[in-house]
Structure formats: structure tokens, C-alpha cells
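Student: Given chain B's structure and the hints, the job is docking chain Z onto it.
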Amino acid sequence: MAVKVIIPTPLRVYAAKKDSAEVSARTVGEALGGLTAQFAELRKHLFTDDGKLRSFVNVYLNDEDIRYMAKEATPVKDGDVVSIVPSIAGGSAASNNEIVEG
Amino acid sequence: MATKTQTLNDKPAVTSLSKEEILRYSRHLIMPEVGMEGQLKLKNAKVLLIGTGGLGAPLGLYLAAAGVGKLGLVDFDVVDFTNLQRQVTFGTSDVGKHKSEAARARLSNLNPDIEIQSFETQLTSANALELFRDFDIIVDGTDNFPTRYLVNDACILLGKPNVYGSIFRFEGQATVFGMTDGPCYRCLYPEPPPPGLVPSCAEGGVLGVLPGIVGSIQAMETIKLILGSGDSLVGRLLLFDALGMKFRELKLRKNPDCPMCGKNRTIHQLIDYYEFCGVRGEEAPAPDLQVPEITPRELKARLDRGDDLYVLDVREPHEYQICNINGHLLPLGELPRRVHELDSSREIVAHCRSGKRSAEAVDFLRKAGFRKIHNLKGGILAWSDEVDPSVPKY
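From first to last, the protein sequence lines stand for chains B and Z.
Quick note: the first sequence uses the numbering used here, first residue 1, plus one each step.
Quick note: the second sequence uses the numbering used here, first residue 103, plus one each step.
Check before you lean on any hint, since a few could be wrong.
In silico DSS-like cross-links for lysine-lysine, where the CA-CA straight-line distance does not exceed 25 angstroms [said to hold, decoys possible]:
1. Z:K353 x B:K71
2. B:K4 x B:K52
3. Z:K353 x B:K77
Simulated DEER-style distance windows between Cβ atoms [stated by the list, open to error]:
4. B:K52 x Z:A115: 50 to 58 angstroms
5. B:K71 x Z:E436: 55 to 63 angstroms
6. B:M1 x Z:I424: 54 to 62 angstroms
Just so you know, the hints here were simulated from the structure itself, not pulled from any lab data.
For each residue, glycine too, the CB sits at the ideal point set by N, CA and C.
Just chain B, with the same shape it has in the complex (with noise of 0.2 angstroms):
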């Protein structure tokens, strides 16, 4: 099945800064390891060493939080479309957070 993932802001840049990606799968987990497959270095913000999604990342299949169905084994269908929500804290942003630590 074809099916689109979309990248947030903050992962793109693991991702060649691309917003989103085509990939072939039948599961939202087969989709992730597609993802993963094409941009290795996000791997390790999806999943820990053990292979388990992270617990502050979450993943929807369209508008619904694959949780409350069938986890990484929820099927897909072509066209599709898995959303990675990680959760992002920002308010004022970059005056305190972000640019005096660098």
C-alpha cells in the first residue's frame, strides 16, 4: 500500500528536511520502518533501542491516534496518510530554550 508519512518540523531535520515521504507498507509499523529505511538517523527519535515507539512521540493514521486501535499493527490503506506528532513546548521560543544554550 502506498501511504504518505509527514515529518514534523522538529525531526526534518533528520530527514533531509523533507516534510513528508512515500512508502510502501501494510502496517503503520511497516510504514515508520520504511521511513527509517530511507532517513536512518531518525530512527533513533521514533523508536528506543529496544525497537519500541517513544513514548513522546505520537503516531495517528489520518486523524485517529493508532493507540486507541491497533498500535504498529494497525493496517493501512493506499493512500493513507501516518502523522508523526512529537510534542513541541515552544511559546516564546528561542529566547530562553533554544539559542542560548548553543
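Tutor: Just chain Z now, kept in the frame of chain B:
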């Protein structure tokens, strides 16, 4: 919401508007969706803004202008020049003033008929419940994970709505947490990301208009909660991509196992949120790497003496365009695959903006066998302070 707003008031609910107020709010009053009834709800409402920065600016301006009767402003920070690019409450003459007070002055000028309280303090587990108690709605316009979890938990403990917005570069998120029928922040994100895995430094920054848009969405949601009308963002996460100019929305579900708002709550009081988020303090970065250092004055003296030094600038190209000290540009992220471009027999001084990224570069290069290498202490900022003040700081 309406009844709650009124019963929570210490003083009796205001039941009429003055002649001046009727004129001021006439564009609300002639809308049936607001009308006199809605305007009185706004006048009787009490909203607490956490943060008066990028998101807090449009929030404060629109809520004050709309006639929200009592606004609380919590911020411990001071206005600096880098804030003015997006924190539109403040003017150049406010630089150096406390944000909560500068915002109070600006909003009082915008609307003298409302009560504005400024709290020049950092929101903490010790003061959050007391601060929140006097308000009906809490609006989260902060910029860090510990405060976001703190705001969420305090709202759940007190049963108050939490109007949430956050931004990163070109992307924004907004929703409403803390309603009895909806999810809380912990339902969405049970845990914060560990400090090392969130992009920082070179990936930072924000387009000034973005907090204006997301903060305005929060202001709209706040007003809808007060009026009790429309479809609120409860149970929906609005995602905004400013570059693609696309809005999307995702379903947010209440997690039955949520430790905060689930049936079997395991969190019954506020905790240490810095510890929870893995940081000791808001500005506590990872412990400094121990690498050989050179001060800006030493570097200047050695360059003036004609020593053969290779100055390596590990910042990003767009930072090099802001200012540079004629270093050779090789961004930290590209170092591993371009390390062969460097000559390990030469003496190298690495620098970045403040010295943190270049310390990583020096550490990496030492592990790769480079021996004659130093980190410029304090980076180009210190160079500007100690050697050449004509180099701009950013």
C-alpha cells in the same frame, strides 16, 4: 461555563455595562452570538495567562480588548531586544522592564475598564494552585516542558480548563485540555521527551508571526469557553503548518489509564516538574564537556602574533551570515562526514555562538585523533565582549 464564571466570583456578578463600555464593545453587542449577555459573561470572566511572551502577546491584547473583566499575567522574565521580533505587546522602550508589568501597562492602556493583575514570579509547584484558584480559565503560553506539565496538573487538580498552544519554528499546535469530558495534556503525552532528544541550538528560532496566529487561536478558544458557544477544540488537536499554510486536526481521546485524569489517578498533588522532565533548571544544559579551551583574548593575541591557527566555525551557514570572525565554516552536523577536510597536524580553534556546540566538535575531533585543538571559550559572543564589539550578538 457561564454559571461557573459567575459563581466563582468573589463579588456579585456585574449585570450592566456603562455607556462608555457599550460604545467600546458595540461591535460585539450587535452580534447575536455575543450580545449584551455574552459581553457581561466576558466582563465577569477571570483568565490567567501563563507567560506574556510570543503566545501571551496576542492573548493579552485580544482578551483585554474583548473586555475579559479580570486578567492575570504570570511572567518572571525581563523584556530584551530579541523579544521584540514577535512579542508585540512590548515596545522598544520596554526593554529592561519586567514583562508582567510592561504587559500590564500596555493592556491597561488598551482597556482601562478591566482589572489586570501582574504576577512577577516563576510559576512553581509551590505557588500554582494558589495562583490558579482565583481564575476561571488558565491559558498556557509558556515555552518549556516542566511548566506545561505543571499547568496541566494544576488545572486537573482544580478542575479548570487549560487553553493550550505551542509552537516550533513554522509549526503550531493548539487545543483545550482540562474539561471534564475531554483529555488532558498527559493523555496526549504521558511523558516529556528527554532533554538530549529535542532539537536545540541551530534548529531553534521562530517566525515572529507564528505565535501571533497560535496565540490568537488560543484567545478565540478562551472567548468561546466564556461565551459557552461554538465548537471548542476540546478533544481535537489543531496542527498548523505555516510554511505550507495548512491546518489539520487530529482526534484527541481521554486516556482511561491517564495518571492524572483517568479513573485510577496516581498523581494527587503537584510534583517536581524539573526532575520529571529530566532537567535541573530551565536553563541547565547538559554538563559542560571537559575540553581544552582558549579565551578570546588569547586567540586574538596569537592571531596578531602570526601563529598558524586554523579557526573552525561549527555554526550553520545562516549564522555565519549574521556575523563571523573569518573562520572556516563546517557545521557541527556535517563534521563526521567531512572530518577528512581538516588537517590534524595543524593547530585548530573551534568556535560556535556560545561555546557549547564547538565543545562537542572538539570532543568529537579529539576522539578522532586530533590533538592540537581548542574550544573558543564563550564563543563568538565572548569574542564580541572581549575582543571586537563591532561583531553583532544574536
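Student: Determine for every hint whether it applies to the structure shown.
Tutor: Evaluated hints:
A C-alpha spacing of about 15 angstroms is found between Z:K353 and B:K71, which places the hinted pair at or below 25 angstroms, so the restraint holds. Distance restraint check for B:K4 and B:K52: the Cα-Cα separation of roughly 21 angstroms lies within the 25 angstroms cut-off, and the hinted pair is therefore satisfied. With a C-alpha separation of about 19 angstroms, the suggested pair Z:K353 and B:K77 falls inside the 25 angstroms cut-off, and the hint holds. A hinted range of 50 to 58 angstroms for the beta carbons of B:K52 and Z:A115 is consistent with their spacing of about 52 angstroms.
As the Cβ distance of B:K71 to Z:E436 is approximately 36 angstroms, the hint placing it in 55 to 63 angstroms is violated. As the Cβ distance of B:M1 to Z:I424 is approximately 46 angstroms, the hint placing it in 54 to 62 angstroms is violated.
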